[in-house]
Amino acid sequence: MTTASLASQARDDRAAVDKAISLLVAFGDRASSGVGVSELARRAQLSKSTAHRVLGMLERNGVVERVGTDYRLGERLHQLGRSVYAAGHESLRDLLLPYLTDLYELTRHTAHLAVLHGTDVVYLGKLHGHRPAPVPSRIGGRLPAHATAVGKVMLAYDAEAAAQAIAGPLHRFTARTIADPAALAAELDRIRRTGIAYDDEESQLGLSCVAAPVLGRSGRAVAALSIAGRRGRIDTRRLGADVRRVAAAASQAQQRTGRLQRP
1 MTTASLASQA RDDRAAVDKA ISLLVAFGDR ASSGVGVSEL ARRAQLSKST
51 AHRVLGMLER NGVVERVGTD YRLGERLHQL GRSVYAAGHE SLRDLLLPYL
101 TDLYELTRHT AHLAVLHGTD VVYLGKLHGH RPAPVPSRIG GRLPAHATAV
151 GKVMLAYDAE AAAQAIAGPL HRFTARTIAD PAALAAELDR IRRTGIAYDD
201 EESQLGLSCV AAPVLGRSGR AVAALSIAGR RGRIDTRRLG ADVRRVAAAA
251 SQAQQRTGRL QRP
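If you count the sequence shown from 1, position 113 lands on 113 in UniProt numbering, and the numbers rise without skipping.
It is worth saying that the hints were derived from the structure and are not from the lab.
These figures come from a predicted structure and were not determined experimentally.
Hints are supplied without guarantee of correctness; some may be wrong.
Under the rule of at most 20 Å between Cα atoms (straight-line distance), these lysine to aspartate or glutamate pairs were calculated in the DMTMM-like manner [said to hold, decoys possible]:
no.	residue 1	residue 2
1	Lys-126	Glu-105
2	Lys-126	Glu-160
3	Lys-126	Glu-59
4	Lys-19	Glu-39
Cβ pair distances, simulated, as ranges [as the list claims (entries may be wrong)]:
no.	residue 1	residue 2	range
5	Ile-139	Glu-65	16 to 26 Å
6	Arg-66	Val-25	17 to 27 Å
7	Ala-183	Glu-65	44 to 54 Å
8	Glu-105	Arg-192	39 to 49 Å
9	Glu-59	Arg-190	46 to 56 Å
10	Gly-68	Ala-163	26 to 36 Å
11	Arg-76	Thr-257	42 to 52 Å
12	Pro-134	Val-25	38 to 48 Å
13	Gly-206	Ile-139	34 to 44 Å
14	Gly-56	Asp-29	34 to 44 Å
15	Thr-50	Glu-90	36 to 46 Å
16	Ile-139	Arg-190	27 to 37 Å
17	Ala-163	Ser-49	28 to 38 Å
All C-beta atoms, glycine included, are put in the ideal place defined by N, C-alpha and C.
Let the hints inform the model, and build the full structure from the sequences given.
In structure tokens form, the structure reads like this:
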């Protein structure tokens, strides 16, 4: 095969991958319910014939599946997504869900259970409060740890992850997001002294959160619990004691199992 032929094949391969990813992204919030070929083609800015051909390839590989005349994301893609995270997350979530429920019932605000994955937060559980709040979290979703209460409280109890976060770029979501490495280091020191972290419109305007760590036997945070609500309608300072108390009980339960689950 000539050099020109190899270069042409490489361009074709890249083009095929780009088209496949564009189609997968195009499913959006209808990933589980299904989307028609014409609509997917429009969203991905592809011709209908190209979309149909690429979807056929994805279907053969189990990445998408047909639902009547529509397509939805397939089981293979869900399996790949699950494999990104530590195997222990599922058992950790099962162990700590009762404490997430306790926290929700105690406060009636939106409650979160999260773990660290590198310098990001991964949400394993979420219970919605009675009062709607502008919460950007979703189960399985990720956010940079430095911009969230659950993330900061876990960084404070994980020296390695904290060093990575401080050294890396600190994306600013709002004017209140901590984007200065020295300021983040000082905030983590404060959290270690108090055992609690706050998010005052750092991840999203109008949102306030308070979080406490679930500690393993080594003293590192294996997870975090938090509550969130609309700023002005939730007293995070007053409710911080409740969050810390439930997280302490969750820490004791986790340590009794002898299973230090870490990403």
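ask   = Which earlier hints can't be squared with this structure?
value = 2, 3, 8, 10, 11, 12, 13, 14 and 17
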